[in-house]
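Novice: Under the numbering used here, the letters of the sequence shown match residues 489 to 674, in that order.
Hints are not guaranteed to be accurate.
Unchecked claim - Label pairs and their computed distance ranges (CB to CB):
1) Ala-598 <-> Ala-573: 29 to 35 Å
2) Asp-659 <-> Ala-598: 15 to 21 Å
3) Glu-524 <-> Ile-493: 43 to 49 Å
Keep in mind the hints are simulated off the structure, nothing from the lab.
Everything numeric in this text was worked out from a predicted model, so none of it was measured.
From the three backbone atoms N, C-alpha and C, an ideal C-beta is built for every residue, glycine too.
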Amino acid sequence: MELQIQDLVTSIRKEGIDAANAEAEVIISEAKKKAEEIVAAAKAEAVNVKNAAEKEIAILRESAAISADQAKRDAMLSFKAEVEAQFRKILSAKTGTVLSGDALGTLIKAAVVGEDVSAYAAEVAQVSDSLKAELADEISKGLELRPSKGIQAGFRIAAKDGSGYFDCTDDEIMQMLMPYFRNLDF
């Protein structure tokens, strides 16, 4: 009987171990399956994160390129505006210098040559004795010479009847010349 009990205990033990082993196999199999699912999900998530990061990088690169182009354009416009301002300054200074002194009388004479000077008045910044001496012949023929607060340099020949004028002031000549400097392409 002892042997039978021993066989029974051994049989129960063996069945218990076999059942435990079978259950362990099932648990291990399910754990492996779940691990594979977790790894697959993690890989899919990694691919999604990588794709999202690549998209964001592409957007950032495009944005950076657009910003760089904008900055380049702004810098060029700023540079062009600065060059134009310098041209305007230089042109204004040089035009004012050329349209004063001895040259002023010569320019006024050239403007009224072949005209009835008695019908015109020459407006200048300041009527000086040297200018009167330079234009003595025209003044004796009726050209009126008068100062004008609106003129810094140069002159304006105006019809005495108010019908029109010929503007050779520094500002007007500078305005006529500036379009040639505005169209500079850098």
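Novice: Taking the hints in turn, state whether each one holds.
Specialist: Each hint tested on the structure:
1. With their beta carbons about 31 Å apart, Ala-598 and Ala-573 fall inside the hinted range of 29 to 35 Å.
2. Judged by the Cβ atoms, the range 15 to 21 Å given for Asp-659 and Ala-598 holds: they are separated by roughly 20 Å.
3. At roughly 46 Å, the beta carbons of Glu-524 and Ile-493 sit within the given window of 43 to 49 Å.
Violated hints for the displayed structure: none, as all numbered hints are satisfied.
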